[in-house]
Amino acid sequence: MAEFNGNVTEITSDTYCTSCGTSSQSPSIKRRKVYKQRYNRKWEKDCKLNDRRWLQPSSADPCKAYNKLCEKELVAGPSELQKHQDSKKHKERESAVTITRPITAMVVCDDISQKTKSAEIRMAAFLVEHNLPCQAMDHLSDLVTDIFSDSEIAKQFQSKHTKSRAIVKRVLADHFREELLHALAKTKFSIIIDETTDISSKKLLAPLTKKTG
Numbered sequence: 044m045a046e047f048n049g050n051v052t053e054i055t056s057d058t059y060c061t062s063c064g065t066s067s068q069s070p071s072i073k074r075r076k077v078y079k080q081r082y083n084r085k086w087e088k089d090c091k092l093n094d095r096r097w098l099q100p101s102s103a104d105p106c107k108a109y110n111k112l113c114e115k116e117l118v119a120g121p122s123e124l125q126k127h128q129d130s131k132k133h134k135e136r137e138s139a140v141t142i143t144r145p146i147t148a149m150v151v152c153d154d155i156s157q158k159t160k161s162a163e164i165r166m167a168a169f170l171v172e173h174n175l176p177c178q179a180m181d182h183l184s185d186l187v188t189d190i191f192s193d194s195e196i197a198k199q200f201q202s203k204h205t206k207s208r209a210i211v212k213r214v215l216a217d218h219f220r221e222e223l224l225h226a227l228a229k230t231k232f233s234i235i236i237d238e239t240t241d242i243s244s245k246k247l248l249a250p251l252t253k254k255t256g
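Sequential numbering of the sequence shown, starting at 44, is according to the numbering used here.
Rather than coming from a laboratory, the hints here were simulated on the basis of the structure.
Mixed in with the good hints there might be a few duds.
Stated by the list, open to error - Mimicking DSBU-like on lysine-lysine, the simulated pairs with C-alpha atoms at most 35 angstroms apart in a straight line are:
id, residue 1, residue 2
1, Lys111, Lys126
2, Lys79, Lys131
3, Lys107, Lys132
4, Lys107, Lys126
5, Lys126, Lys115
6, Lys160, Lys246
7, Lys132, Lys88
8, Lys85, Lys158
9, Lys245, Lys212
10, Lys126, Lys79
11, Lys254, Lys212
Based on the provided sequences and hints, a complete structural model is requested.
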C-alpha cells in the first residue's frame, strides 16, 4: 500500500504476511525534488536573444514568463526561452508584428534635446558674463563632448563661435533687454552716452543707465 505524505517526496510500501499475521515495510523510495526556476529580469537583457521586448514576467505564476507577441505563457528558463524564440510560430509572429518604439523613449530624447539647448544658452551667457571671446567655443565645444563622453547632453552639445554669437544676439539680448526695461520702469535713472572705441566695420553708440535712487 502506497503511503502519501504532504510534500509528495517519498513513497513507502507495506507487505502483509498471511501466515504469521505480521507486516514488513520495504525501504522508502525517495523521489528527487524538482525545483522550479523563478523568472529573472536579466533574461530581458540577454545578448543571446536578439529582441527581448516581447518578454515579460507572468502575472499569474512567478515561475513562468509571458510572450507578448504570441500571447502565451512560457516555462521560465534561458534554454526554454531560446527554444521558443527559435520556433516557427514565434518567428512568424515576430515578422508579422512590428513592435513600435515606446513613447517613454521619445519623451526622454525630447527631454535631452531641451537640456542640450539649455546648456548651449548657459554656456553663451557664461562667455558674456566673463567677457570671453566667442572664438573660444571652437575648442571648448569639442572639449565638452570629449571630456563628458558618458553624458547624452554632452554628445549632442554643438555650439561653436557662430552659434554662440547668434544665441547672444537673438536669445540672450532680447531676454536681458526686457529684464532691464522692467527694472528701469520701477526706479529713477540717468543716461550716459559712451561711444565705443572698437575698430570694426560697425560703429556702436552705447547708452548706459545709472540708477539715482
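Query raised in the report: Taking 35 angstroms as the top limit, are the C-alpha atoms of Lys160 and Lys246 close enough?
Result: holds, 31 angstroms
Query raised in the report: Is Lys126 close enough to Lys115, meaning Cα to Cα at most 35 angstroms?
Result: Holds, at about 14 angstroms.
Report task. Compare the distance between the alpha carbons of Lys107 and Lys132 with 35 angstroms, and conclude whether the hinted pair is satisfied. Result -> holds, 19 angstroms
Query - Satisfaction of hint between Lys131 and Lys79, Cα-Cα up to 35 angstroms - result: Judged against 35 angstroms, a Cα distance of about 26 angstroms means the pair holds.
Query raised in the report: Holds or violated: Lys85 with Lys158, Cα cutoff 35 angstroms?
Result: holds, 31 angstroms
Query - Lys111 paired with Lys126 [C-alpha distance capped at 35 angstroms] - result: Holds: Lys111 and Lys126 sit about 16 angstroms apart, inside 35 angstroms.
Query raised in the report: Hey, Lys245 versus Lys212, does the alpha-carbon distance stay inside 35 angstroms?
Result: holds, 15 angstroms
Query raised in the report: If you draw a straight line from the CA of Lys126 to the CA of Lys79, is it 35 angstroms or shorter?
Result: Within the cut-off at roughly 18 angstroms; holds.
Query raised in the report: When you check the alpha-carbon spacing of Lys132 and Lys88, does it fall within 35 angstroms?
Result: Distance of about 22 angstroms is within 35 angstroms: holds.
Report task. Assess, step by step, whether the Cα of Lys254 is no farther than 35 angstroms from the Cα of Lys212, and give holds or violated. Result -> holds, 25 angstroms
Report task. Please work out if Lys107 and Lys126 have their alpha carbons no farther apart than 35 angstroms. Result -> Holds, because 15 angstroms separates the two Cα atoms, which is no more than 35 angstroms.
The structure meets every hint from the earlier list without exception.
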